[in-house]
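Q: Read top to bottom, the protein sequences are chains D and E.
Under my numbering, residues 1 to 240 are what the first sequence spells out, in order.
Under my numbering, residues 1 to 179 are what the second sequence spells out, in order.
Worth flagging that the hints you see were computed from the coordinates, not collected in a lab.
Glycine included, C-beta positions come from ideal geometry on N, C-alpha and C.
Treat the hints with care, as some may be off.
Unchecked claim - Not everything, but these chain D residues come out facing chain E in the computed CB check (under 8 Å):
#1 S102
#2 T104
#3 C105
#4 S106
#5 Q117
#6 V121
#7 D126
#8 P131
#9 D134
#10 R136
Unchecked claim - Straight line, CA to CA, 25 Å or less: simulated SDA-like cross-link-like pairs of lysine to any residue:
#11 E:K173 / D:P38
#12 D:K85 / E:Y144
#13 E:K179 / D:S106
#14 D:K144 / D:M187
#15 E:K179 / D:Q124
#16 E:K173 / D:Q124
#17 E:K100 / D:R136
#18 D:K91 / E:A162
#19 E:K173 / D:H89
#20 E:K100 / D:E109
#21 D:K91 / E:Y174
#22 D:K74 / D:D15
#23 E:K100 / D:M182
#24 E:K100 / D:D140
#25 E:K71 / D:I133
#26 E:K179 / D:D113
#27 D:K91 / E:K179
#28 E:K179 / D:D221
#29 E:K179 / D:E115
#30 E:K141 / D:I133
#31 E:K179 / D:I217
#32 E:K179 / D:V222
#33 E:K179 / D:R136
#34 D:K85 / E:D170
#35 E:K179 / D:T223
#36 E:K71 / D:D126
#37 E:K173 / D:L123
#38 D:K85 / E:H137
#39 E:K173 / D:L129
#40 E:K179 / D:D134
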Amino acid sequence: MIKQKVRVKSFKINDITVTGRSDQTLLEVAKEHDIFIPTLCYLEGLSCVGSCRLCLVEVKGARELVPACTSKIKEDMEVFTTSEKIDSHRKMILSMIFSERSHTCSVCEANGDCELQDKSVELQLDHSLVPYIDSRFAIDASHKNFVHDPNRCILCSRCVRVCNEIEGANAINIGGRGINSMIIHDMDEPWIDSQSCTSCGKCVYVCPTGALYEKEITKEDVTTKREIIRNLLKNRAENE
Amino acid sequence: MNKIRLATIWLDGCSGCHMSFLDMDERLIELAPYFDVLYSPYVDTKEFPENVDLTIVEGALSSDHDLEIIKKIRANSKLILALGDCAITGNISAMKNLYKSEAVLQRGYFELSDINKDNRYPSTVVPKLLDRVIPLHEAVKVDYFLPGCPTPADAIYEMIHALINGTIIDISKYTRFGK
Ligand code: SF4
Ligand code: SF4
Ligand code: SF4
Ligand code: FES
Chain D
1 MIKQKVRVKS
11 FKINDITVTG
21 RSDQTLLEVA
31 KEHDIFIPTL
41 CYLEGLSCVG
51 SCRLCLVEVK
61 GARELVPACT
71 SKIKEDMEVF
81 TTSEKIDSHR
91 KMILSMIFSE
101 RSHTCSVCEA
111 NGDCELQDKS
121 VELQLDHSLV
131 PYIDSRFAID
141 ASHKNFVHDP
151 NRCILCSRCV
161 RVCNEIEGAN
171 AINIGGRGIN
181 SMIIHDMDEP
191 WIDSQSCTSC
201 GKCVYVCPTG
211 ALYEKEITKE
221 DVTTKREIIR
231 NLLKNRAENE
Chain E
1 MNKIRLATIW
11 LDGCSGCHMS
21 FLDMDERLIE
31 LAPYFDVLYS
41 PYVDTKEFPE
51 NVDLTIVEGA
61 LSSDHDLEII
71 KKIRANSKLI
81 LALGDCAITG
91 NISAMKNLYK
101 SEAVLQRGYF
111 ELSDINKDNR
121 YPSTVVPKLL
131 DRVIPLHEAV
141 KVDYFLPGCP
151 TPADAIYEMI
161 HALINGTIID
171 ISKYTRFGK
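Okay, chain E solo, but in the shape it has when bound:
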C-alpha cells in the first residue's frame, strides 16, 4: 500500500487544532499505518517537502511569510484541508482586522512596552504583518474545510477516515463554526 504523504502546518492559530488532532487518542494508532508524516509541528523537518498528498493547515494568513508558505504548500500538495475557524474565517486571528495591524503593533511595541528603547517595530528576521488577516481560501484554492474552534477530534477523525476511504461525509454532523 502506498502511504499517504501528509504534511500539517500551524500558521496564525493557537495550536488548539493541532492539539485536537492529538485528541484523536488511540485512533491515531489506527490511522498511523496509512500515513507518512513528512512535515509537521509533530516532526522535525525544516523545509516544506515536495509531492505531498494532503496538507492540513491550521491558522489564518497574517504575515508575508504565511502568504509565501501557503503558495508553496499549494504548489506542492495535491489536497489542502483547512482545519479550524482561523484557517476558514480568520476567527480570533482576524479580530485585529477591526483595528488594523498598525494599531496592534502600536499597542504591543510602544504602549505596553517598557524596554523598546529605539522606538521601532522589529522589521528584520520576523515576518511583516499583512494589512489584513485572511482565511486560506482568499489566497489559494482550498479543497476541504473543517470548521470548529478547535475542530473536535471526532470531526478530524471522520474527515481523515473519509479521505482514506474515498467516501463523502457531511461534516456539519460533526462540527460547525465556533464548535
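In isolation and in its complexed conformation, chain D is listed as follows:
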C-alpha cells in the first residue's frame, strides 16, 4: 500500500486554534484538545462509519452539518461543536433513534448501564420529538451465553466492526433494509447455528445498548469483561 505523506494542519475549533495530522478526523483532534463532541457509534479502536450522526458539527462555509468522526481535518477550516442548530439536530436524531425501536428502559436488561440512555441525559432530551413507530422484532436467545434483542438495537454496527476487525470472525452483518434492518449472524440464522462465531463475546461488550447481552451474569462481571475488551481496543489503536 502506498502511504500518503502525513502533514500537520492547523485550524480552528470553537475559535480555538488547534493542530492535527492530516490523516486525523475532526473528532480525534477535538478529543486531543479536550473539546467534547457527543458520539454513539464511534468506539476508539474500531473503524469509523458515521452511522449515528450524533457527532454532527458545523464547518464554516459548508452547507450541511458534517459528522466529526468521519470528517478529515483541513487547513484553516473553522469548526463549531455547539450551536442552537447543532443542539436541535442532535436532539432530533436522538429522538429518531429512540422512536425507531422499543426502548422501554424500565424493563430493559441495560437499564442504568446504557450509552443511549446516557445520551438522553447528556443532551437533555426529556421526551421524544417524534412519535414512536412501535416496531417489534423476534429476540434471538438461541446462543448458550448471549442474547440478541433487535428491539433495542440502534444499528450502530459496533458489533459488526469488532467481530470483523478485532476478532476476525466476520460472523455479524447488517441485513434487511432501512428501518427494518437487523444485525444477522452468518446467512441470517439463529446465533447458535453460526459457523463463524467463536463465542468470544466481544460484540456483547462493545454494544452500547441492551441489544446484546450475556445471560446469567453479575453486574460486576459485566463491568470487568467490558473493561477488558474496551482496553484491548484502546491498546490496539494506540499501537497502530
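Once you've looked at the hints, dock chain E with the ligands against the given chain D.
A: Same frame as chain D, now just chain E with the ligands:
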C-alpha cells in the same frame, strides 16, 4: 400569598409515580402551604376543576376517556407536568402497541377467561381502548417533562421547588428514562 391551584391525575400508569410523590415524606409538609390540592387521587373530587395552575399527570393515554380528560386538563390548566415514563414515552403501558389493543383484549377476555359466556368485550361503561397508547405530548402541549419509572421523589421535589420559586433546573441531574 396566593396558593398554587394544583391537580394531579393518574391515567394509564401503575400509580408508582403518585407513590413517589408521597415518598417526598416530610418535604410534603414543607410544600403543603404553597398548594391548594383541588383534584387528585389524594382527595375526593369528582369533576376536573377549572382555573388550575398546575396539573401533574401520571400515565399514558390509552382510552377514549384518557383522551377526553387530557383535553379538558389542557383547557383548564395553565401548566401541565408529565410525570414519569408512561406519561412521556408510553413505557410499560405502551408495550401493548407492539401487539395492538385487539390482541390484548382477545387474550384478556377470551383466551384467559373462564366465565365470559356471551363472548364479548365489555363495551359500555368502561372506556374504549385506543388503537395505540400514546404519550401525553402526542395529544396536547406539555409544559414540563419529568421522566423516571417511577420518577424519584427527589426529582419531583426539585421540580416542584423550582416551579414555586420560578427557577430553572436541569432535571437530568435527578432523573432519566427508566430511573
Ligand atoms: S437499550 Fe438503553 S435506552 Fe433502550 S430500553 Fe434499554 S436501557 Fe433504555
Ligand atoms: S461472539 Fe465474537 S465471534 Fe461471535 S459474533 Fe460476537 S464478536 Fe463475533
Ligand atoms: S447490536 Fe448493539 S452493537 Fe450491534 S448494531 Fe445493534 S446496538 Fe450496535
Ligand atoms: S459518532 Fe459520528 S456518526 Fe456516530
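Q: Hint by hint, say whether it matches the structure.
A: Verification of the supplied hints:
Given hint, S102 (chain D) at the interface with chain E, holds; its Cβ is 6 Å from that chain's nearest Cβ, closer than 8 Å. Given the 8 Å rule on beta carbons, the hint for T104 (chain D) holds: about 6 Å separates it from the nearest Cβ of chain E. About 3 Å separates the beta-carbon of C105 (chain D) from the nearest beta-carbon of chain E, less than 8 Å, and the hint is met. With 8 Å as the threshold, the beta carbon of S106 (chain D) comes within range of chain E, its nearest partner Cβ sitting at about 4 Å, so the hint holds.
Given the 8 Å rule on beta carbons, the hint for Q117 (chain D) holds: about 6 Å separates it from the nearest Cβ of chain E. Annotation: V121 (chain D) was flagged as interfacial toward chain E, and the flag holds, the nearest CB pair being 4 Å apart, inside 8 Å. The criterion of a C-beta within 8 Å of any C-beta in chain E is met by D126 (chain D), whose closest approach is roughly 4 Å, and the hint holds. Nearest Cβ of chain E to the Cβ of P131 (chain D): about 6 Å, under the 8 Å cut. The hint holds.
Below 8 Å, beta-carbon pairs count as interface contacts, and D134 (chain D) has one with chain E at about 4 Å; its hint therefore holds. For R136 (chain D), the interface hint holds, since its Cβ comes within 8 Å of a Cβ in chain E; the closest pair sits about 4 Å apart. Taken as a hint, the K173 (chain E) and P38 (chain D) pair is honoured in the structure, with Cα atoms around 18 Å apart against an allowance of 25 Å. Our distance criterion of 25 Å between C-alpha atoms is met by K85 (chain D) and Y144 (chain E), whose separation comes to about 22 Å.
Using a Cα cut-off of 25 Å, the hinted pair K179 (chain E) and S106 (chain D) holds, with the two alpha carbons roughly 7 Å apart. A C-alpha spacing of about 19 Å is found between K144 (chain D) and M187 (chain D), which places the hinted pair at or below 25 Å, so the restraint holds. A C-alpha spacing of about 15 Å is found between K179 (chain E) and Q124 (chain D), which places the hinted pair at or below 25 Å, so the restraint holds. For the given pair, K173 (chain E) sits about 10 Å from Q124 (chain D) by alpha-carbon distance, which is consistent with the 25 Å threshold.
Distance hint between K100 (chain E) and R136 (chain D) is fulfilled; the C-alpha atoms sit about 11 Å from each other, no more than 25 Å. Proposed proximity of K91 (chain D) and A162 (chain E) is supported: the alpha carbons are some 24 Å apart, at most 25 Å. Among the hinted pairs, K173 (chain E) with H89 (chain D) is consistent with the structure: their alpha-carbon atoms are about 22 Å apart, no more than 25 Å. Between K100 (chain E) and E109 (chain D) the CA atoms are separated by roughly 24 Å; this keeps the pair inside 25 Å, and the hint holds.
For a cut-off of 25 Å, the pair hint linking K91 (chain D) to Y174 (chain E) stands: about 19 Å separates their Cα positions. For the hint pairing K74 (chain D) with D15 (chain D), the CA-to-CA distance comes to about 15 Å; that is within 25 Å, so the pair holds. For the given pair, K100 (chain E) sits about 22 Å from M182 (chain D) by alpha-carbon distance, which is consistent with the 25 Å threshold. With a C-alpha separation of about 22 Å, the suggested pair K100 (chain E) and D140 (chain D) falls inside the 25 Å cut-off, and the hint holds.
In summary, the hint linking K71 (chain E) to I133 (chain D) is supported, as the alpha carbons are separated by about 23 Å, within the 25 Å threshold. Distance hint between K179 (chain E) and D113 (chain D) is fulfilled; the C-alpha atoms sit about 11 Å from each other, no more than 25 Å. For the proposed pair K91 (chain D) and K179 (chain E), the alpha carbon gap of about 20 Å is at most 25 Å, so the pair holds. A threshold of 25 Å between alpha carbons decides the hint, and for K179 (chain E) with D221 (chain D) the separation of about 22 Å falls inside it, so the pair holds.
For the hint pairing K179 (chain E) with E115 (chain D), the CA-to-CA distance comes to about 14 Å; that is within 25 Å, so the pair holds. Using a Cα cut-off of 25 Å, the hinted pair K141 (chain E) and I133 (chain D) holds, with the two alpha carbons roughly 20 Å apart. Between K179 (chain E) and I217 (chain D) the CA atoms are separated by roughly 21 Å; this keeps the pair inside 25 Å, and the hint holds. Under the criterion of a C-alpha separation no larger than 25 Å, the hint pairing K179 (chain E) with V222 (chain D) is consistent with the structure, at around 20 Å.
As the CA atoms of K179 (chain E) and R136 (chain D) are separated by approximately 23 Å, the hinted pair is consistent with the 25 Å bound. Under the criterion of a C-alpha separation no larger than 25 Å, the hint pairing K85 (chain D) with D170 (chain E) is consistent with the structure, at around 20 Å. Distance check on the hinted pair: K179 (chain E) and T223 (chain D) sit about 19 Å apart at the alpha-carbon level, within 25 Å; holds. For a cut-off of 25 Å, the pair hint linking K71 (chain E) to D126 (chain D) stands: about 22 Å separates their Cα positions.
Distance check on the hinted pair: K173 (chain E) and L123 (chain D) sit about 12 Å apart at the alpha-carbon level, within 25 Å; holds. For a cut-off of 25 Å, the pair hint linking K85 (chain D) to H137 (chain E) stands: about 23 Å separates their Cα positions. With a C-alpha separation of about 21 Å, the suggested pair K173 (chain E) and L129 (chain D) falls inside the 25 Å cut-off, and the hint holds. Pair hint K179 (chain E) plus D134 (chain D) holds up; C-alpha atoms about 22 Å apart against a cutoff of 25 Å.
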